[in-house]
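K.L.:
These are the residues of each chain, in order.
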Amino acid sequence: MSRITADEVRELAILARLALSEQEVARMTVDLDAILDYVDAMRELDTTGVEPMTHAVPFDCPLRADQTAPSLPIDEALANAPRREASFFQVPRIVPGPGGSSTVEDES
Amino acid sequence: MIDARGASLVSIVDGVRSGAFSARAVTEQFLDRVARLDGALGCFLKVDDTGARRRADAVDAARKAGRDPGPLAGAPIGIKDIFCMRGVETTCASKILRGFVPPYESTVTARLEAAGAVALGKLNMDEFAMGSSTENSSVKPTRNPWSPAHVPGGSSGGSAAAVAASLCAGATGTDTGGSIRQPAALCGVVGMKPTYGRVSRYGVIAFASSLDHPGPFGRTVEDAAALLEVISGLDPLDATSIPAPVGAYRQAARAGREGLAGVRLGVPTEYFQPGMDAEIEASVRAALDELARAGAKIVPVSLPHTKYAIATYYLICTAEASSNLARYDGVKYGYRTANARSLEELYTKTRGEGFGAEPKRRIMLGAYVLRSGYYEAYYGKALRARRKIADDFSAAFAACDAIVTPTSPVPAFKFGERIGDPLQMYLADILTVAPNLAGVPALSQPCGFTKSGLPIGLQIIGPALGEEICFRVGGAYESRTDWHTRFAPEAA
Chain E
1 MSRITADEVR
11 ELAILARLAL
21 SEQEVARMTV
31 DLDAILDYVD
41 AMRELDTTGV
51 EPMTHAVPFD
61 CPLRADQTAP
71 SLPIDEALAN
81 APRREASFFQ
91 VPRIVPGPGG
101 SSTVEDES
Chain P
1 MIDARGASLV
11 SIVDGVRSGA
21 FSARAVTEQF
31 LDRVARLDGA
41 LGCFLKVDDT
51 GARRRADAVD
61 AARKAGRDPG
71 PLAGAPIGIK
81 DIFCMRGVET
91 TCASKILRGF
101 VPPYESTVTA
111 RLEAAGAVAL
121 GKLNMDEFAM
131 GSSTENSSVK
141 PTRNPWSPAH
151 VPGGSSGGSA
161 AAVAASLCAG
171 ATGTDTGGSI
181 RQPAALCGVV
191 GMKPTYGRVS
201 RYGVIAFASS
211 LDHPGPFGRT
221 VEDAAALLEV
231 ISGLDPLDAT
241 SIPAPVGAYR
251 QAARAGREGL
261 AGVRLGVPTE
271 YFQPGMDAEI
281 EASVRAALDE
291 LARAGAKIVP
301 VSLPHTKYAI
311 ATYYLICTAE
321 ASSNLARYDG
331 VKYGYRTANA
341 RSLEELYTKT
351 RGEGFGAEPK
361 RRIMLGAYVL
371 RSGYYEAYYG
381 KALRARRKIA
391 DDFSAAFAAC
401 DAIVTPTSPV
411 PAFKFGERIG
421 DPLQMYLADI
431 LTVAPNLAGV
441 PALSQPCGFT
451 KSGLPIGLQI
461 IGPALGEEIC
471 FRVGGAYESR
481 TDWHTRFAPE
491 AA
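In order, the protein sequence lines correspond to chains E and P. Here the first sequence is numbered in the numbering used here, starting from 1 and rising by one per residue. Here the second sequence is numbered in the numbering used here, starting from 1 and rising by one per residue.
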């Protein structure tokens, strides 16, 4: 019995914001199925009453003084942006424009 | 002129500090080696010759002015391309970060430069440190200096191969499930994964934050110790960094030469299972005999949850990876798809086109195990198993001072041999992932060669903040053997 179907892979890809080709979906289904089959051996391990371990070493979240410090100048922070306008990162239109359309070409 | 191929990092530093030769001269010699030899090996993604000369000249100027040029003065090193260096392109060997020039510097590279080390450039790796062969680099393969048909291991394959080929005297790496120790073993060099939090992760591109450990590579145990002394220590920029004082690692490595009287070394039966290469088992057993002759007492120990380590590791690291890699969206830096009609398409197409097969697989698996309804059965279960695996180490260290095992169950494999089967690639880390889950330090050093001439690695695992015992045992073994004095073949 397979543990994951191609439809579940397509649904996961939407959640993970990954555009996958049909060829990638087919391959991913086979790969994830084999990995999920392998990790299933964990089920036999009794973990009743075991505290989950989220960090390798115990630590308390350290606090620092709440003081203003210099941060990156805007030009440096934006220097790697694929598209920028003035002091903003530029993305395709999110809210509907005057014509009512919410999809606008991300022209380069 | 120094013997660039044979010189240890600490001997180069001694020569620069005493004025026997200049940092600039050493840098030119190593840059020349990289120019002549790296075309066939593929260790470097970027050679920063301008930056290297500037750093070397600063060391020489400091010395001339009577200032201390630093504990790593003139040491020629390579930097895994996962460490951000201000003004130097840093890509994690991924298409999605192509062209990214960090506006800030990682703590590790900042400390290395402040100590006088001369970074020569950025080294190849598996994309986002995901892999065990460096075949997942989106840029190019790196070849094992001992045999060009074989992989160097991974994910820090460029680092291990560059040190093995003496293209640099030391290097940085990161180890999330074995990514320093496994390539060190496969390339015949020393690699050290310190205690979690011992070395700051600030400026290290995140893969699985609770498992990522930056650390050093060297030709010798003392070289790795000298690098670790500089890069370790509390960093206010990493909330998980440990406030404990940094140990005397170099001194511990040298102390090993005096023997191991009173040291108890644990050998876990679970690390010698069927499937292990016979030559590797024989070499590691012989190394244990040598350590006993050095005065150590060999004691059997048990790490009973070892068989769950790979499954636990992949459930946790993929969950963390899927969250960490959410930041690559085509908006702030790196690759952006050319044809998005909406914000949604900007995200999905950028990520679909920018990530390679392995990051996609891990993002998907991570999304699966974190999904509502599956979370407790997979991720929650793995967090509990992680505690049991860590408890195994605590119990074992009640009966011994360090644990000795092979680093990898197999020597370097050939290109293409495992890349088509992700699960087989994951199993390459079967002997290295547990120390990451437990957060304890572990060192790999050469302990022999197969009949076909491929290096074999010995793993020495210490308790939390027990870096010194790892270096002491490693120093003891190295002083009684000559594996570290052999060199990979080199074109004339």
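Derived from the structure by calculation, the hints contain no laboratory data. Mixed in with the good hints, there may be bad ones.
Said to hold, decoys possible - Residues from chain P that keep clear of chain E, each with C-beta distances beyond 12 Å, as calculated:
(1) Lys-140
(2) Ala-326
(3) Arg-362
(4) Asp-391
(5) Leu-465
As the list claims (entries may be wrong) - What follows is a list of derived Cβ distance ranges for each label pair:
(6) E/Pro-52 / P/Ala-395: 45 to 55 Å
(7) E/Glu-51 / P/Ser-323: 45 to 55 Å
(8) P/Asp-391 / E/Gly-97: 50 to 60 Å
Backbone N, C-alpha and C fix where the C-beta goes; we use that ideal spot for every residue, glycine too.
K.L.:
Take the hints in turn and mark each one as holding or not.
P.N.:
These are the hints, each one checked on the structure:
1. Lys-140: holds (23 Å)
2. Ala-326: Violated: least Cβ distance 8 Å, not greater than 12 Å.
3. Arg-362: violated (10 Å)
4. Asp-391: violated (9 Å)
5. Leu-465: Given a closest Cβ separation of 9 Å, the condition is violated.
6. E/Pro-52 / P/Ala-395: 45 to 55 Å: violated (19 Å)
7. E/Glu-51 / P/Ser-323: 45 to 55 Å: About 22 Å separates the Cβ atoms of E/Glu-51 and P/Ser-323, which means 45 to 55 Å is violated.
8. P/Asp-391 / E/Gly-97: 50 to 60 Å: Holds - the Cβ-Cβ distance for P/Asp-391 and E/Gly-97, about 59 Å, lies within 50 to 60 Å.
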